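Trainee: Sequence:
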Amino acid sequence: MRLSRFFLPILRDTPKDAEIVSHRLMLRAGMIRQEAAGIYAFLPLGMRVLQKVCKIVREEQDRSGAVEMLMPTIQSADLWRESGRYEDYGKEMLRIQDRHERDMLYGPTNEEMITEIFRASVKSYKQLPLNLYHIQWKFRDEVRPRFGVYRSREFLMKDAYSFDIDAAGAKHSYNKMFVAYLRTFARLGLRSIPMQADTGPIGGDLSHEFIILASTGESEVFCHKDYLEFPVPEADVNFDDVGGLEKLIEKWTSLYAATSEKHDAPAFDKIPEARRLSARGIEVGHIFYFGTKYSEPMKATVTGPDGTMKPVHMGSYGIGPTRLVAAIVEACHDDNGIVWPEAVAPFHVGLLNLKQGDSGTDAACEQLYRDFAAKGIDVLYDDTDDRAGAKFATVDLIGLPWQVLVGPKGLAEGKVEVKRRSTGEREMLTPADALKKIAG
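Take the sequence shown: its position 74, counting from 1, is numbered 91 in the working numbering, and each next residue is one higher.
Keep in mind the hints are simulated off the structure, nothing from the lab.
Honestly, I wouldn't trust all of these hints.
Derived DEER-like restraints, expressed as beta-carbon distance ranges [what the hints assert, rightly or not]:
(1) Y106 <-> E251: 35 to 45 Å
(2) G441 <-> T31: 14 to 24 Å
(3) F24 <-> S439: 18 to 28 Å
In silico EDC-like links for lysine to aspartate or glutamate, alpha-carbon gap of 16 Å or less [what the hints assert, rightly or not]:
(4) K316 <-> D95
(5) K268 <-> D286
(6) K188 <-> E263
(7) K372 <-> D402
All values reported here derive from a predicted model rather than from experimental measurement.
Backbone N, C-alpha and C define an ideal beta-carbon position, used for all residues, glycine too.
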């Protein structure tokens, strides 16, 4: 993509109302724009990151055996009255009426709707287990939306819902999602730590939050340092191996890990002092097992092996891709801007023409641009007339993993400068070697 044809509204000054790093940098980098309180447009650069996050989330959900669908954002209030949550949910639910004065709502979550879909179609235990997921926009009318897309009113969520004939099956479904989440966050360039969590308004009696450590995190967390060294399950993990998954989960829950709400100081103090970790953390995923909380009142039953009708056991599993984008920025930045992990970077390379209009630099950039494209490498080619200093500031701010700087001085020696954003490492290479280094 040529920067002269791209939409990248960079802000040189830090917005006054942006309180945290991700909000400031996402606004300055032209990734988002606020349209109302807690409601943001994702601009082209931000959209590219969001799409890459969703792609990885989808791949790991599919790998675990979950099946994608899509539910509507507007829901009937009658479903929520069936479950008993319509009045209990509070003012965060945006309640509306259609032209026929029917009570509707903008869905904050989808337990009721997925239960209704399930009960209409699934009748026998032989159709189980089943895990359905979607990636869909949600709305929760937060009393004080803040921190940009980190805590917004409208947000994108991946929700998965599992259905099993009994608690044992539901626990295996829970374990599948547990492992899928570990893999998802690792692929996004993040080290996540599962911590026992409160179930909140969704309900249930088993829940884990997946936390990443960041100095700007919203809450204090406490854990054993060994979690930072645990190996993440490989891509070939067998999701059908009940015992194998159980052993993985036992390992990942064997040491102390708690958010401030669940913190047990005496238990934490039993950890050897050198292995205690107290830090700030960001929640990037949340999983729940809630048994028959929804299936019983909503009569979501199947015929069991003994011929009797049984309410299904359910679980709910959430990841917020829009929030994840902000969380990655919180964890991956420096004084000059964002430092994207390669898996989610909006472009892989920033190609900078340091003397636009010069026949030599123009020709070298055009050739590199074509060569990168031929290798399937996403390039943002800064072909504008901006001065070199402004180009350096922009490419550092938007955080592309690689920078290739093409100027007359280097070309006189047949070389271009290659910079790795994450380390600041620089070297002069021939264009062919630069291509080889970046293409791997």
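Trainee: If a hint holds in the structure, say so; if it does not, say that too.
Mentor: Cross-check of the supplied hints:
no.	hint	verdict
1	Y106 <-> E251: 35 to 45 Å	40 Å, holds
2	G441 <-> T31: 14 to 24 Å	22 Å, holds
3	F24 <-> S439: 18 to 28 Å	26 Å, holds
4	K316 <-> D95	14 Å, holds
5	K268 <-> D286	20 Å, violated
6	K188 <-> E263	9 Å, holds
7	K372 <-> D402	8 Å, holds
The structure is inconsistent with hint 5 alone, although it conforms to all the rest.
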